[in-house]
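**Q** This is what each chain is made of:
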Amino acid sequence: MPAITLQNFSYAYNHPKKVLDNITLSIETGSFSVILGPSGAGKTTLCLAVAGAVPHYFGGSSAGKVYVTGIHTKESSMQQLSLTVGTVLQDYETQLVTMTVEEEVAFSLENMGIAPQEITHRVEEVLDKVGLTGYEKQAVTDLSGGQKQRLVLASVLATNPKILVLDEPTSALDPEGTHSLYKLLSDLNKEHGITILVVEHDIATVLPYADQFILLENGQLIFNGTPEKVLSYMAAKQIFTEAIPPLWQLKLMIEELTARQFASWHTEEEAIAQLSKVLEEEADKNA
Amino acid sequence: MQKIAPITKLALTIFVTIWSIVLQSLPALTALIVCQLILLAIAKVGSSVYKGIASLFAFAAILAGMQYAINSDLLLAAITASKMIAMTLVFFILLATTRMQDLSAALVLQCHIPYEYAFMLTAALRFIPDFLAESKAIQEAQACRGYSPQGNVLQRFFSYMAVIKPLVLKAVTKSETMALSLELRGFGSRKTRSFKNNVTLALQDYAMLLSMILLTSYLVMQIY
Amino acid sequence: MLELKNVYFSYKAQSHDIHDVSLRINPGEFLAIVGRNGSGKTTLTRLMMTLKKPTKGELFFQGNSLATATPARMAHHIGYVFQNPDRQIFHDTVAEEVAYGPKQIGCTSEQIKTFVSQALEVTGLSPLASAYPLSLSKGQKQRLTIASALAMQPKILILDEPTSGQDARERAQLLQLLLKLHQQGTTILLVTHDMEFLSSCAQRAIVMKKGQKVFDGTVTELFHDTNQLADWGLIEPAALKISRQLAAFQVSQTTSISELGDQVANRLRRNDDHAKNSTHH
Numbered sequence: 001m002p003a004i005t006l007q008n009f010s011y012a013y014n015h016p017k018k019v020l021d022n023i024t025l026s027i028e029t030g031s032f033s034v035i036l037g038p039s040g041a042g043k044t045t046l047c048l049a050v051a052g053a054v055p056h057y058f059g060g061s062s063a064g065k066v067y068v069t070g071i072h073t074k075e076s077s078m079q080q081l082s083l084t085v086g087t088v089l090q091d092y093e094t095q096l097v098t099m100t101v102e103e104e105v106a107f108s109l110e111n112m113g114i115a116p117q118e119i120t121h122r123v124e125e126v127l128d129k130v131g132l133t134g135y136e137k138q139a140v141t142d143l144s145g146g147q148k149q150r151l152v153l154a155s156v157l158a159t160n161p162k163i164l165v166l167d168e169p170t171s172a173l174d175p176e177g178t179h180s181l182y183k184l185l186s187d188l189n190k191e192h193g194i195t196i197l198v199v200e201h202d203i204a205t206v207l208p209y210a211d212q213f214i215l216l217e218n219g220q221l222i223f224n225g226t227p228e229k230v231l232s233y234m235a236a237k238q239i240f241t242e243a244i245p246p247l248w249q250l251k252l253m254i255e256e257l258t259a260r261q262f263a264s265w266h267t268e269e270e271a272i273a274q275l276s277k278v279l280e281e282e283a284d285k286n287a
Numbered sequence: 001m002q003k004i005a006p007i008t009k010l011a012l013t014i015f016v017t018i019w020s021i022v023l024q025s026l027p028a029l030t031a032l033i034v035c036q037l038i039l040l041a042i043a044k045v046g047s048s049v050y051k052g053i054a055s056l057f058a059f060a061a062i063l064a065g066m067q068y069a070i071n072s073d074l075l076l077a078a079i080t081a082s083k084m085i086a087m088t089l090v091f092f093i094l095l096a097t098t099r100m101q102d103l104s105a106a107l108v109l110q111c112h113i114p115y116e117y118a119f120m121l122t123a124a125l126r127f128i129p130d131f132l133a134e135s136k137a138i139q140e141a142q143a144c145r146g147y148s149p150q151g152n153v154l155q156r157f158f159s160y161m162a163v164i165k166p167l168v169l170k171a172v173t174k175s176e177t178m179a180l181s182l183e184l185r186g187f188g189s190r191k192t193r194s195f196k197n198n199v200t201l202a203l204q205d206y207a208m209l210l211s212m213i214l215l216t217s218y219l220v221m222q223i224y
Numbered sequence: 001m002l003e004l005k006n007v008y009f010s011y012k013a014q015s016h017d018i019h020d021v022s023l024r025i026n027p028g029e030f031l032a033i034v035g036r037n038g039s040g041k042t043t044l045t046r047l048m049m050t051l052k053k054p055t056k057g058e059l060f061f062q063g064n065s066l067a068t069a070t071p072a073r074m075a076h077h078i079g080y081v082f083q084n085p086d087r088q089i090f091h092d093t094v095a096e097e098v099a100y101g102p103k104q105i106g107c108t109s110e111q112i113k114t115f116v117s118q119a120l121e122v123t124g125l126s127p128l129a130s131a132y133p134l135s136l137s138k139g140q141k142q143r144l145t146i147a148s149a150l151a152m153q154p155k156i157l158i159l160d161e162p163t164s165g166q167d168a169r170e171r172a173q174l175l176q177l178l179l180k181l182h183q184q185g186t187t188i189l190l191v192t193h194d195m196e197f198l199s200s201c202a203q204r205a206i207v208m209k210k211g212q213k214v215f216d217g218t219v220t221e222l223f224h225d226t227n228q229l230a231d232w233g234l235i236e237p238a239a240l241k242i243s244r245q246l247a248a249f250q251v252s253q254t255t256s257i258s259e260l261g262d263q264v265a266n267r268l269r270r271n272d273d274h275a276k277n278s279t280h281h
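Chains as they are written, first to last, in full-length UniProt numbering: chain A, 1 to 287; chain B, 1 to 224; chain C, 1 to 281.
In isolation and in its complexed conformation, chain A is listed as follows (with noise of 0.2 Å):
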């Protein structure tokens, strides 16, 4: 079964402005997505009727359904969902809503009544997964812009989300803080399973991670797959070529000058691996 699925899913927050318009998509359990797109294409509102709170919270009219590990969403309450999905909304530093790092993780098992003995384990348990150990007793506002997104994600993971969604989480950080966010997500979903799914505008900085990448623009969903499948087809329709990274830019341009055909390329070191072995076997040739 797939973790989220869309069947013909449109949105309005007022009618009759669609800002989501019939998408039907589907998501694998265990997969890392990336939903891509200029702004104003109706990322964020899809990570939110991924949570529930489209309709639940915003209202509007919808049509079509959205199903999260089997449940209709609109049939179901953001807390019911809250327990399978874990959200970290754009402006994460908002989500932190108490003084210390230890309370902000314990207020997420508080609202789902959890005993107070197993609070204090979960804490510990969380806070390791995402480096803070030893940071229990922080104040929040003493913590950096990363230290702050690890946090909001240490509150939500606490509650054992199936699915992780994610808009824009990388903003605020620098490349170090980026790329490290990235592997902590990408360990979440290797080792724990967890489906991740993330809003982010520089692909080249989930290219080594994701699985499937989500091209929307203007509300509609233009093309979904591999991110192999989906970076070649945006360079072959003239689609929102902008974001296409240097990376592949570079293997779309060689393999168009040349006429060759390289294997997907998901970091500069297979770059580097698959060209220098071409480069080689002309050496050779020329010898």
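No wet-lab data here; the hints were simulated from the structure.
You may find that some hints are simply not true.
Heads up, incomplete: computed chain C residues facing chain A, CB under 7 Å, no partners named [to be verified]:
| no. | residue |
| --- | --- |
| 1 | SER137 |
| 2 | SER164 |
| 3 | ASP167 |
Where a beta carbon is used, it is the ideal one built from N, C-alpha and C, also for glycine.
With chain A fixed as given, assemble chains B and C onto it according to the hints.
**A** Frame of chain A, contents of chains B and C only:
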């Protein structure tokens, strides 16, 4: 102090406030202040609290000075300043030794205030620093566009709009985001909520409460 | 034009500290300040804008000390573009928003009119002059803040992480805008993490680490030493990393993807032609 239940400290806050109003002699008020300072010392609060207290004393001194300048009654000025210090100090004790979540737990479990209200109180305290930081950031952003309030009251008021408008807007978006995020974190079902920390009363709490009631009754009887 | 002489700054939080930084910004430069979060990049630009005063050392603008200058008075010389447009937008139309700065610094109504229309023109916002600013897209809001700064006719434009949170299309438009402004003679100072962006526009780079200036040189020099880049928390542009690793195949170092693509394709094609020729023989 940290071991005392929040509800007891809440009671202490109320009682000390009553005492500060009732007491009229300088030695008694001084004793009350000294007792509170001892409590703070026992509680081993951080240096930032002492800085706050230092500015409280400075402020009280200025107030006393002003009052003395007006009616040149030194004793009255000293008493007013002491009352202010005594009353404010107890809030320092409450806030420095009580975790906000415990305070809200006490309000909900023992005072039977709906959790949403108790939460709003603690969340408001949590967001005050954020709000101040935001206000500073906006002032700086506008300063870089030539904003510098001057002229008469009306002119100043209009130039403040450059700060107030974005600030209000930001506060509104922030509270909307917070409401959304609370829903997303499963907040709002009182039936299933639990509290991590124990806020029930222990022997020392009952002892403290009893002595506070006795002291208050004695003071009130003294007057009437 | 702008000069820092042995500037120190310290604050409660150590991450804001600046330790003995001297530098000079020359007219017409396109300069980038890079480094980790908390390395002091933004503190440095805030000192330039006199939003903060140095605890030691001095700053000069066109030879005059900035010891008593205020941000409001600097606004005429330096345009500062903050990351978050929502912290400054408060008018009902785009044109009024842009006119706020020139009004504050005492321009005549004739001047205001000219400056506003010029600023809207160059940022491509003229068609949106009477639009409601808060209904604009993220990228448009950013261009509005740039226009607001430009309308005060500054000589230097400082932009604090302008590419963060912007989508690829907005980012590409921003690049074109900055190149155009630079060409028209504006000195540009960029605080950024985006090495791809930097390598496609900036000429000079300053690296900050723990409040100290650890590098000041051309962008080409910046990318010279990979080990140092990692130490500074910087990421090499993809083209540079790949071209460096392909040096054994006579591929020369470049930060441009299209240059690298051409080089590699040429090697492969030349060899293809060569191979074809040899089979013909």
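**Q** If a hint holds in the structure, say so; if it does not, say that too.
**A** Each hint, compared with the structure:
no., hint, verdict
1, SER137, "holds, 5 Å"
2, SER164, "holds, 5 Å"
3, ASP167, "holds, 5 Å"
Consistency note: the structure conflicts with none of the earlier hints.
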